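Below, each chain spelled out in residue letters.
There are 2 protein chains.
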Amino acid sequence: MSTSFELPSAVDVRLACRVGTLKGPTTGLAPGWEQANVVILPQKYAFDFLRFCQRNPRACPLLDVTDPGQTEPRCAAGGSDIRTDLPKYRVWRNGVLAEEPTEITELWQDDFVTFLLGCSFTFEHAMLSAGIPVRHIEMGRNVPMYDTSLECQSAGQFTGNLVVSMRPMTPVKALEAAHICEHFPKSHGTPIHVGDPKVIGIKDIKQPEYGDAVEIREGEVPVFWACGVTPQAALMRAKLPLAITHAPGHMFVTDLPSGS
Amino acid sequence: MSTSFELPSAVDVRLACRVGTLKGPTTGLAPGWEQANVVILPQKYAFDFLRFCQRNPRACPLLDVTDPGQTEPRCAAGGSDIRTDLPKYRVWRNGVLAEEPTEITELWQDDFVTFLLGCSFTFEHAMLSAGIPVRHIEMGRNVPMYDTSLECQSAGQFTGNLVVSMRPMTPVKALEAAHICEHFPKSHGTPIHVGDPKVIGIKDIKQPEYGDAVEIREGEVPVFWACGVTPQAALMRAKLPLAITHAPGHMFVTDLPSGS
Numbered sequence: 001m002s003t004s005f006e007l008p009s010a011v012d013v014r015l016a017c018r019v020g021t022l023k024g025p026t027t028g029l030a031p032g033w034e035q036a037n038v039v040i041l042p043q044k045y046a047f048d049f050l051r052f053c054q055r056n057p058r059a060c061p062l063l064d065v066t067d068p069g070q071t072e073p074r075c076a077a078g079g080s081d082i083r084t085d086l087p088k089y090r091v092w093r094n095g096v097l098a099e100e101p102t103e104i105t106e107l108w109q110d111d112f113v114t115f116l117l118g119c120s121f122t123f124e125h126a127m128l129s130a131g132i133p134v135r136h137i138e139m140g141r142n143v144p145m146y147d148t149s150l151e152c153q154s155a156g157q158f159t160g161n162l163v164v165s166m167r168p169m170t171p172v173k174a175l176e177a178a179h180i181c182e183h184f185p186k187s188h189g190t191p192i193h194v195g196d197p198k199v200i201g202i203k204d205i206k207q208p209e210y211g212d213a214v215e216i217r218e219g220e221v222p223v224f225w226a227c228g229v230t231p232q233a234a235l236m237r238a239k240l241p242l243a244i245t246h247a248p249g250h251m252f253v254t255d256l257p258s259g260s
Numbered sequence: 001m002s003t004s005f006e007l008p009s010a011v012d013v014r015l016a017c018r019v020g021t022l023k024g025p026t027t028g029l030a031p032g033w034e035q036a037n038v039v040i041l042p043q044k045y046a047f048d049f050l051r052f053c054q055r056n057p058r059a060c061p062l063l064d065v066t067d068p069g070q071t072e073p074r075c076a077a078g079g080s081d082i083r084t085d086l087p088k089y090r091v092w093r094n095g096v097l098a099e100e101p102t103e104i105t106e107l108w109q110d111d112f113v114t115f116l117l118g119c120s121f122t123f124e125h126a127m128l129s130a131g132i133p134v135r136h137i138e139m140g141r142n143v144p145m146y147d148t149s150l151e152c153q154s155a156g157q158f159t160g161n162l163v164v165s166m167r168p169m170t171p172v173k174a175l176e177a178a179h180i181c182e183h184f185p186k187s188h189g190t191p192i193h194v195g196d197p198k199v200i201g202i203k204d205i206k207q208p209e210y211g212d213a214v215e216i217r218e219g220e221v222p223v224f225w226a227c228g229v230t231p232q233a234a235l236m237r238a239k240l241p242l243a244i245t246h247a248p249g250h251m252f253v254t255d256l257p258s259g260s
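Residue numbers (this note's numbering), protein chains in the order written: chain A, 1 to 260; chain B, 1 to 260.
FYI, nobody ran anything at the bench for these hints, they're computed from the structure.
Heads up, some of the hints might be wrong.
FRET-style restraints, in silico, Cβ to Cβ [as the list claims (entries may be wrong)]:
1) B:Glu99 x A:Pro248: 48 to 56 Å
2) B:Met139 x A:Lys239: 32 to 40 Å
3) A:Asp111 x B:Gln70: 23 to 31 Å
4) A:Lys239 x B:Lys203: 53 to 61 Å
5) A:Gly259 x B:Ser9: 33 to 41 Å
6) A:Glu182 x B:Met139: 31 to 39 Å
7) B:Gly28 x A:Glu100: 52 to 60 Å
Since the structure is predicted, the reported quantities are computational estimates derived from the model, not experimental observations.
The beta-carbon is built from N, C-alpha and C at its ideal position, and this holds for glycine as well.
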């Protein structure tokens, strides 16, 4: 009758968050299920933010958008509660990080709209399964992320440049990775650039603006993907009086199968 | 110096609409460019309608959504004017067809938001190129479309069931068609059903609710795709005081390459 050797399901992970037994990162948990970046903001700003996502789909792949005040993202995870089912949140006031609570029941407002956006965990898992190296995982680091000179399509007060993540590999592996990622359009899809970082305005490949630097070995090229930090950066820049996101790495685990 | 043997480009088609020389259907014009269903409505309803599209992407594949009052759908067609660049419009008042003008400059409001949704012309063109029959084109008719029992995910006042289009072919051709349409997610993507119409609640395959009936030959099966009439039906049902759409077959020709 023991279930101790089974991997947790998506609903197990969400319930562990809800009862407070899971407060750490969700990387590798509930494999096979899409994990999501979370952005929660008042309805007043929601139509602008939704257009920003729609116009920049590689960086902001939409998995679900709730009705105003709805606490259950029904399309992505029936029976879930967005106020409690993440391990950790970030609360932003006027674009500044104010606190990092493990639930947001007290902060909830009837005009809150929740956006779930696809994240890179899904394609990294598929790449690893196909024998493609994911350097930052090998090195036990956070993925390196960079500001670029590529402008996003703006919408209302949401503006900014594309932020990219980088994974180094051989050119042959890069082609394989592109082929695999084609099947994950909701997880940032195919790479947006490969090779010379300067072409997309990256100043110093050894100094990522977010995350940690990783080693690029002899014969490898840097491969760049649109990154979920892009909408977060646009959100910070908009300096809304109040917005809530997931804490980095502490994602919302959905019931959507990977690659759906 | 003659250009009489060249096919018109997307911008040629839009300009012909603007100056009033094109007032007919756009089928087959500007091949290689995505044609779009058009829905224009006041900002007040736009966030609900955008969520309806986002939740029902097979029926409502979003190509572009404008800012309120913006007459140029910049992402899909720079330099265009949505008030003049369609051959024919439909104006709906309280869910009832009020008029069919060839331009809407006088009706334009500063709070209007324009939605461009992918249409089936794109995948039909690809199917014909691959030797897959498209019966209603062979017969010179409109595609048959049916109400189904498949409920859409609702958003605000936008609700309803999925409307599907049907093209008959052999089972082998149906598999080929599915493979081709996989590459056109912005043009309704792969079929949603093949075979027995009753399974999806179609009452009589010989009596489509919209368009014209077509012949299903010995050895052929009906193949069903999510259809752009779905959002139009939801729009009618919502009975907004004012909304504007394209007239059937009179689409907005974009600068987006087919399959983008």
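> Does 31 to 39 Å hold as the CB distance between glutamate 182 (chain A) and methionine 139 (chain B), or does it fail?
Replying inline: 36 Å, holds
>> 33 to 41 Å was suggested as the range; check whether the CB atoms of glycine 259 (chain A) and serine 9 (chain B) agree with it.
In response: 36 Å, holds
> Taking the beta carbons of glycine 28 (chain B) and glutamate 100 (chain A), is their distance inside 52 to 60 Å?
Replying inline: 57 Å, holds
> Falls inside 53 to 61 Å, the C-beta gap from lysine 239 (chain A) to lysine 203 (chain B)?
Replying inline: 55 Å, holds
> Within 48 to 56 Å or not, the Cβ separation of glutamate 99 (chain B) and proline 248 (chain A)?
Replying inline: 54 Å, holds
>> I want to verify a distance hint. Is the separation of the beta carbons of aspartate 111 (chain A) and glutamine 70 (chain B) within 23 to 31 Å?
In response: About 25 Å separates the Cβ atoms of aspartate 111 (chain A) and glutamine 70 (chain B), which means 23 to 31 Å holds.
>> The hint says 32 to 40 Å between methionine 139 (chain B) and lysine 239 (chain A); measuring C-beta to C-beta, is that right?
In response: 59 Å, violated
The structure does not agree with numbered hint 2 stated previously, though it agrees with all others.
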